[in-house]
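Chemist: Protein chains in written order, with our numbering: chain A, 1 to 267; chain B, 1001 to 1267.
What the hints contain is simulated information worked out from the structure, not anything from laboratory work. Careful: at least some of the hints might be erroneous.
[What the hints assert, rightly or not] Cβ pair distances, simulated, as ranges:
1. A:Pro238 to B:Ala1180: 46 to 56 Å
2. A:Thr209 to B:Gly1266: 22 to 32 Å
3. B:Thr1177 to A:Glu89: 31 to 41 Å
All values derive from a computational prediction rather than experimental measurement. Think of the CB as a built atom: it goes at the ideal place given N, C-alpha and C, for glycine as much as any other residue.
Protein chains: 2
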Amino acid sequence: MLTNARSDRVKAVRALSRRSVRSRTGEFLAEGPQAVREAVAFRPDLVRDVYVTADAQARHALIVEAARAADLWVHEVSPEVLAAMCDTESPQGIAAVCRMLDVPLEQVLSDLPRDALVCVLTNVRDPGNAGTVIRGADAAGADAVIVSDASVDVYNSKVVRSTVGSLWHLPLSVGSTVPAILDALRVRGVRLLAADGAGTTLLHDADLTGAHAWVMGNEAWGLPQQVRDACDDVVRVPIHGHAESLNLAMAATICLYASAEARRTGR
Amino acid sequence: MLTNARSDRVKAVRALSRRSVRSRTGEFLAEGPQAVREAVAFRPDLVRDVYVTADAQARHALIVEAARAADLWVHEVSPEVLAAMCDTESPQGIAAVCRMLDVPLEQVLSDLPRDALVCVLTNVRDPGNAGTVIRGADAAGADAVIVSDASVDVYNSKVVRSTVGSLWHLPLSVGSTVPAILDALRVRGVRLLAADGAGTTLLHDADLTGAHAWVMGNEAWGLPQQVRDACDDVVRVPIHGHAESLNLAMAATICLYASAEARRTGR
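Go ahead and model the full structure; you've got the sequences and the hints to work with.
Modeler: Below you can see the structure in the form of structure tokens.
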């Protein structure tokens, strides 16, 4: 059992809370049972080490069994060691060092089905919003999530936590510029729908058939004019009451679910 | 100009961050330009005092003008005084002491239109979730929001902030028990739809015509069996990918928007 919270190993795990260290090592920390369970279930090939306290080992026996069955390293640690490793205040006794899972933009695109549903996040800065949109994209059955270069790091612990495991569920690409993403999608025949409160097309009038991508902007200032102009349509979610707007995660989820419903009904 | 951050007036405003003080005085603090603007625009009768820094007075001139036009007290304060009054780290120079705006359950119900859309929050504990659902209910054109007794206080600064002004936009009732709320709605002929991941009816199959209420449960454990049993139907948002669930605010917003769409199309 690892009990020395000041050991080099613990410090190395803790250092993954810094983006520069994550970039250098290509690793990040998944904190809490939901994230670890989904990482082990969906991408065991990318899990390097699982750290678990004695208590959590009993509480989350299925996760630990699945990790051992996948031949992963499971290390028992003291609660102090786990706390020292994690960014989260209550990591619930379990965390895993994982290799990054994003793939190049071209690979995401070449694997898309014909009626692809894609979610593009541009300049999204809030970790909770980014993670919640990834979760919503997963729930709506999106085929890929693409996060532009000027956005929050998806391996930030708050983003990982907000995805509640969805980070491991669908193809993800990060780091390309917005023009590169839009061009690549267009070349593949994926229609580009900008989601923006300034849109002239109401969601229920938008054409959601065939392959399309929802392009979401920054939580405060939306999408710049040149991005809206580069899209095939600019769509807004109708506001029925007196609310000024919806937040990014809500708007994105409503748009993605409208696409899911269009897929289901074939309309 | 108020400059003494340790004055009794400042302390009295600051004390509104405590629920017990809010209950005793019937007042709460709206922090930031969005909340103050909507309070002044929609319910000036409930605004007691507006506090604004010199900087914010220039930046948010329209809000200050509207407050003066409504014969409200506008007090210039130093940035230190405003910071001492507020719970928020960056209140952006403006805040207002407001009277509580909830009304008795019976009043909310007697004012409902025939095809009412109602949102009921039961045992919701997270302030951000509660506020975001109120904002979503407003955007979807809901006619009322009812928050049960065992839920977070809607006058908590984090709830107020997350509503982004929607708190002042639609009738709100708080403090009744869940059985009392459900009984009162049923007597009024409002159909009760429990939103729950354990529901057997998929959202797109649910009957969303006529007056109905969405009953939302706690963010972690959902709705207890007896509440689900007390509803006319238990509805779940379909999960198309591998996500385990949607968070409360997302699920609520999708359900409320499905109702808004049913209203629009008459289906």
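Chemist: List in ascending order the numbers of the hints, as given earlier, that are violated by the structure.
Modeler: Of the numbered hints given earlier, the structure breaks just one, which is hint 1.
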